[in-house]
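1 is the number of the first residue of the sequence shown in UniProt numbering; add one for each residue after it.
What the hints contain is simulated information worked out from the structure, not anything from laboratory work.
Take every hint as true, because none was put in to throw you off.
Restraint ranges, calculated between C-beta atoms of paired labels, are given here:
hint, residue 1, residue 2, range
1, A77, A254, 54 to 60 Å
2, L72, E124, 15 to 21 Å
3, T147, R120, 15 to 21 Å
Every residue, glycine too, gets a C-beta built ideally from N, C-alpha and C.
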Amino acid sequence: MARGALRGLRGRDPLGLRRAFADRLLPALVAAMALLAALALAGAHGAGQLAQRWQAGAAGPALVTLPAGADLAAASAALSPHAEVAPVPEARMRELLAPWVGEVPGLPLPRILEVTPTDRAGLEAAVSALPGARLEGRGESVAQAVTLAAGLRALSLLLLLVIAAVAAALVAVATRAGIAARRETIVILHELGARDSDIAGRFATRLAVLCLGGAAAGTAAAALALWFLAGAAVPVALSRPAAWDDLPWTGLAALPLAAAAIGWLTARLTLRAWLRRLP
Numbered sequence: 001m002a003r004g005a006l007r008g009l010r011g012r013d014p015l016g017l018r019r020a021f022a023d024r025l026l027p028a029l030v031a032a033m034a035l036l037a038a039l040a041l042a043g044a045h046g047a048g049q050l051a052q053r054w055q056a057g058a059a060g061p062a063l064v065t066l067p068a069g070a071d072l073a074a075a076s077a078a079l080s081p082h083a084e085v086a087p088v089p090e091a092r093m094r095e096l097l098a099p100w101v102g103e104v105p106g107l108p109l110p111r112i113l114e115v116t117p118t119d120r121a122g123l124e125a126a127v128s129a130l131p132g133a134r135l136e137g138r139g140e141s142v143a144q145a146v147t148l149a150a151g152l153r154a155l156s157l158l159l160l161l162v163i164a165a166v167a168a169a170l171v172a173v174a175t176r177a178g179i180a181a182r183r184e185t186i187v188i189l190h191e192l193g194a195r196d197s198d199i200a201g202r203f204a205t206r207l208a209v210l211c212l213g214g215a216a217a218g219t220a221a222a223a224l225a226l227w228f229l230a231g232a233a234v235p236v237a238l239s240r241p242a243a244w245d246d247l248p249w250t251g252l253a254a255l256p257l258a259a260a261a262i263g264w265l266t267a268r269l270t271l272r273a274w275l276r277r278l279p
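Based on the provided sequences and hints, a complete structural model is requested.
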C-alpha cells in the first residue's frame, strides 16, 4: 500500500472503528458531562446577572433617617447640593408600618429622606453634620454580595475547566481501548505505508462524532431543564419574569462543538504518540 492510500477509502472503514467504538458508553458519559458543563455555564451566567443587578442597586437611592420631629425642609436644603432629595411622607410611613404595629396615630416616627447621591463624600459629610441623622447606605453589603457572586462565577468557570479535563481523559482512555481492539489492523496499515496522520485522523473523526452526538443530547436536556428552572428562579432572584437572555444560549450552543473539538484533538494526539513508538 502506498503512502496516503487510506485517503482513497474515505467512504469505508478500513480500521473497523465502527466496531471498535460501537458501544454507547462514551456518548452517554459525554452527555452527562455536557449536562454538568451546561449547569456550570448557566451558574456563571446567573452569577454575573446577579452581580450586575446588585451593583445597579448600590448606585440607586439611599435613605437618610432623621429623629422624629426634625425639620425636613432644613435637612433637604443641607443635603440637596450633594444629592437629589425626596422626603418620604409620614402618611406613607404609617401605611407601611400598619401591618406590623396597626393604627397608632400618636406613635412618633423618624423622618425619612430618599437621596440619590451626586457627590457621595459631600453627602456623607452633610449627613454627619445633621443632629441625629444617619445615612442608610447599601454599599458595603452590596460589595460583599458582588464579591460572593464573582466567587461563584469563578468557581463555575473552574468547574468547566475540570469537566473539560475529565472529558479529555475519558477520550484518551477510549482511544487507547480502540487501539487495543484494532492494534493488528493499525500495525499492518502502518507497515504497509499508511500515513500516521491518516490513521490518527480516522480515529479522531470517529471520536469527535461520538462526542458531538453525546454532548448535543446532554446540552439539549440541560437547556430544557434550565429553561423551566429559570421560569421559577428569575422572578425570585431578579424580581422580573424570565426572559430569553437569562440563559447563556451562545455558550450552550458551543458546548457540543467544544466536546467534538476536545474529542478530535485528544484522540489525534493520543494515537500519534502511540504510533511514534512503532518501528
